[in-house]
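Chains A and B are the protein sequences, given in the same order.
The first sequence runs 3 to 510 under the working numbering.
The second sequence runs 1112 to 1418 under the working numbering.
Think of the hints as simulated: they come from the structure by calculation, not from any bench.
One or more of the hints may lead you astray.
As the list claims (entries may be wrong) - DSSO-like mimics (lysine-lysine), calculated; alpha carbons at most 30 Å apart, straight line:
1. A/Lys403 x A/Lys258
2. A/Lys247 x A/Lys272
3. B/Lys1322 x B/Lys1195
4. A/Lys403 x B/Lys1195
5. B/Lys1320 x B/Lys1234
6. A/Lys281 x A/Lys430
7. A/Lys135 x B/Lys1195
8. A/Lys76 x A/Lys115
9. A/Lys276 x A/Lys391
10. A/Lys107 x A/Lys247
11. A/Lys403 x A/Lys281
12. A/Lys303 x A/Lys76
13. A/Lys115 x B/Lys1195
14. A/Lys107 x A/Lys138
15. A/Lys388 x B/Lys1195
16. A/Lys281 x A/Lys388
17. B/Lys1322 x A/Lys124
18. A/Lys217 x B/Lys1195
19. A/Lys272 x A/Lys391
20. A/Lys107 x B/Lys1195
21. B/Lys1195 x B/Lys1320
What the hints assert, rightly or not - According to the in silico footprint, chain B covers these stretches of chain A (three or more CB under 8 Å from chain B):
22. 44-55
23. 82-93
24. 196-208
25. 224-235
26. 466-478
All figures in this text were calculated on a predicted structure; none of them were measured in a lab.
Don't be surprised by glycine CBs; every beta carbon is placed ideally from N, CA and C.
This is what each chain is made of:
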Amino acid sequence: MIKWILSGTCFLFLFFGLLSCSDKTPFDAEQSIIRFGMSSAPVTLDPLHATDATSSRINRLIYQRLVEFGADNKPVPGIADWRQLDDQHYRFTLTDKTFHFHHGKILTAHDIKATFDAVLNKATASPHQNILKHIKRIEVVNEQIVDFYLSRPDPLFPSFLAIGILPADLLSTGHSFSQNPVGSGPFEFSHWPFDGQLFLRRIEDKQLFEFLKIKNPTVRVLKLLRGELDLIQNNLPPEHISYLKNQPEIHYLSEKGSNYSYLGFNLEDKETGKVELRKAIAYALDRDKIIQYALGNAAEKANGFFPSSHWAAAELVDYNTDQIRAVALMDKLGYSKDNRLHLTYKTSSDPFRIRIATIIQSQLKDIFIDMDIRSYDWGTFYGDIKAGKFQLYSLTWVGIKTPDVFRNVFHSASLPPEGANRGRLNNKKIDQLIEQAEQELDLTKQAGLYQLLQQEIHQTLPYVSLWYEDNIAFFRDNIQAYQVSNDGNYDGLMSVRQINDAARVNKY
Amino acid sequence: MLNYILSRLASALIVIFGVVFIVFMLIHLVPGDPVEVMLGESATSVDRQVLRHSLGLDLPLWQQFYRFIDGLLHFDLGHSLHSKQPISELIWTRIGPTLELALASLLVAFIIAFPLGILAALKKDKLADAAAMSFSLLGVSIPNFLMGPLLILLFSVALGWFPVSGRSGLNSLVLPALTLGTALAAVLSRMIRASLLEVLNEDYIRTAKAKGLSQTRIIGLHALRNAMLPVITLIGLQIGALLAGAVITEIVFSWPGLGQLTIESIQKRDYPVVQACILLISTTYVVVNTLTDIVYGILDPRIRLES
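Produce the entire structure from the sequences given, and follow the hints as far as they go.
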C-alpha cells in the first residue's frame, strides 16, 4: 500500500514538473508589461456585436471611430470631419492623417461603408442596427469621402456613428473579429489565452499590456499592492478605496462619472403606480449618507439622466431628504406605523448592490415601508425586469451620451421587448414631448425641449435618481501619465508610461 | 471482471444521457434569455428574431436537443452563443488548469491527510490525536472563500513567496492547491483515522503483531490496505468534485478553470457551453466512480470474485 501511495505521489510530482517545463510564454520573457486589473472580461472584440462595457472600452483601443464625444457629450470629429449637406444628407471626410489597419491596409471610405453596411445587414444581427435604422444608403464619393443618406432628418445622427471601423477586405471574407480583431486604433491585438487574460500591444512604442480579469475586489487590491498589477480601475467597495488611499506606494485618480444609477418602479403595480408613494420614497432616501458611507464619497448625487456638464442636461429641483414630507405622503396614502406597506425590491447578486439595497431598505423603514430584497443572477434579474415582474429595482445606465435614450426608456411605444420602458410608463404628455424634441432640427432648440421633458419626468418620477458614481483608478509608483475619463473608458492607457522597466519584467 | 466493467459502462452512458437531458431542459426553463443578454435593449424585436433564428433558438426544444446530440455524435460541441468560439476550444483551454489544480490539491491532501490520519489512529485519545483532529475540524470549518484570502495575506502579501492569483507557472499553483487541498485533507484524514481504528482491532492485525512484524509493515501492508475501501470512495467523489471545478477557489485565485466557465456561461445563458460543460462534468463523475469501483476490485479480491 505504501508503495502505491509513494508511486502515486511521485507521478503527481512528475506531472507538475513536466507542466512547469511546458509553460510557454508567447512573448519575450524580458518584455515589460503593464498589467491592468478588471472586474469583468470582454465578451467580444468585434465592435459590431459588443454591448458590454468592458468589450466597448477595449474595442476603443483597437479600433477607431468616425466620431468621438467632447466634454459636453456633443459629437466631435474622430477620424473624419463631417458636414450636413441637407437635413438627410451627411458627408464625412477622412482627416489628412493616413490611418493604417493593423494588417497593413490603409483605411479608406470603402472600409467605412463596409462597416456600416455590415451593421445594417440583418444577417449580422448587430445590436447597433436599431440606432442606425434611419440610414437609407451609404455612398463612397472617393477614397476619403463617404456620404450618408437618411430616411428622415435627425440632428443627433453623427452621435450614432461611434462604432469601430473594420477593414472591408476582412469583412468580406467573414473574418472572426471577435477573437482576432484587426482595427486601426493605437493598440493591436497580441494574444488572448483565455477570456480572463488578454494581451494588446501599443503600436507607438511596442509596449505590451495585459488585461486581467480578477473578479474578487480584495484579490485585485492585494495584487496591486504586491506589484502583480500596475493599475486597477473602478468596481471597488469603499473600504478598499479608503485602504488603498493610505498606501504610500499607490496613487489615486478620480474623475466625476456620468453613469446614472436609479431606482426604477413598476408603474402598472397598484402600489408603486402611485406617484405619491414614489415621491415619498424619493424624500425618504438619504442619498448623501449612502454616498458618504457606502460609496466612500466617490459619487455625485443625480437628479436626472445627464450630469450638469451634458449639453442636454436640465436644471431640476432636488428631492432632498425630507422625512416629514415623506411621512405626510405615506399618511395620505393611508399607511402608518400600524399599517405598513410591503414592497419587493429586486437587484442583482452583486454583493455591493445588495449592500445598497439593504441601506435603502433600512431608510424606508422609517416611512412605514417594509421591503423584501430579492437578489438574482444577472440573466434572471434582467429577464424579470424586462418582463415587468417587479415593484422596485435599481440599475445603472452606462455610457449614455445622447438624449434619444428618452424614447427608448420612457415612450409608451418602447415597452419591452421593443424598448427599455421597463416601468411601463404610459404618459401622453411625455410621449408628445419626446416626439416634439425628435422632430426639432436645431440642436439648441432640441436641447430646450429635452430639458422640458426631463422636468416632466422629474415630476412623474418613473425613476428616483440616485447618483453618478465617480470613476477611480489606483496605480503603482512605476506608472505615469494615466488619466481617468468621465465614462470609465480605458483611453488613459494610450498615454500611460511605465518607469523602471528593468525592474518590472515578466516576473512569474 | 470484464462483464462487470461493461455493465458499469452501459449504466454510465444512461446516467450521462439522463443528466444532459435534464440539464438541457432546466437551463431552457430558467428565466432569462441569451438573446436579450446579447442584444441589450436598443434592439428591435425583428433584430431579436433574426438573432434567435441564426442561433437556432427559435426551433422547438426537442429539435434543439436533437441538434445537440447529433453534433455530439459527430464530435461537434457547437459554438458559444456569445464569443462565437468553438466550444471544444473553450473547454480545451480550461481543462489544463482544472486538471493541474485538481491533481495538485489531491497531492496536498494526500501529503497532509495520510500522516495525520495514521498518527491520529495510532495515538488514539492522546494529545497527537486531539491535535490532528482539531486541525481536521479547522480545515472543514474554514470555507474556501476565507481560507484563500488568508493564505494570500500570509504567503503572498506578508512573506512574498507566491503570487496573489492568476495562473503563471508552478508558483501560482501552490496557494489555490493549498486552499482546496487542506479542506479535502481534513475530510480525508478523519476518514482514514476512523477506518484504520476499525481495522486495527481486527484479528489478523493481532496475528501480525504476534508474528513480530514491524509496525510499519503492519500499517502499510495489512491495516492501510484494508482500511482503504471507504477512503477510496471518498477520494473518487472528491476527484469528481475537483475536476468539475472548484468555483469559489477559482474565483478567489482568478484560476481559469472549468468551474468558472460553467458559472459564467450559466449567468450569460450561453446554453451550448453550459450543456458541454455539464456533459464533461457528469462524464468525469461517472468515469471516476467507475474507476473507483474497479480499484475496489483490485484492493478487495472478494468484490472481484462476487462480480
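A quick look at each hint next to the structure:
| no. | hint | verdict |
| --- | --- | --- |
| 1 | A/Lys403 x A/Lys258 | holds (15 Å) |
| 2 | A/Lys247 x A/Lys272 | violated (47 Å) |
| 3 | B/Lys1322 x B/Lys1195 | violated (68 Å) |
| 4 | A/Lys403 x B/Lys1195 | holds (29 Å) |
| 5 | B/Lys1320 x B/Lys1234 | holds (17 Å) |
| 6 | A/Lys281 x A/Lys430 | holds (20 Å) |
| 7 | A/Lys135 x B/Lys1195 | holds (25 Å) |
| 8 | A/Lys76 x A/Lys115 | holds (23 Å) |
| 9 | A/Lys276 x A/Lys391 | holds (17 Å) |
| 10 | A/Lys107 x A/Lys247 | violated (46 Å) |
| 11 | A/Lys403 x A/Lys281 | holds (27 Å) |
| 12 | A/Lys303 x A/Lys76 | holds (23 Å) |
| 13 | A/Lys115 x B/Lys1195 | holds (24 Å) |
| 14 | A/Lys107 x A/Lys138 | holds (28 Å) |
| 15 | A/Lys388 x B/Lys1195 | holds (25 Å) |
| 16 | A/Lys281 x A/Lys388 | holds (23 Å) |
| 17 | B/Lys1322 x A/Lys124 | violated (85 Å) |
| 18 | A/Lys217 x B/Lys1195 | holds (23 Å) |
| 19 | A/Lys272 x A/Lys391 | holds (13 Å) |
| 20 | A/Lys107 x B/Lys1195 | holds (26 Å) |
| 21 | B/Lys1195 x B/Lys1320 | violated (66 Å) |
| 22 | 44-55 | holds (count 4) |
| 23 | 82-93 | violated (count 0) |
| 24 | 196-208 | holds (count 4) |
| 25 | 224-235 | holds (count 5) |
| 26 | 466-478 | violated (count 0) |
The structure does not agree with the numbered hints 2, 3, 10, 17, 21, 23, 26 stated previously, though it agrees with the rest.
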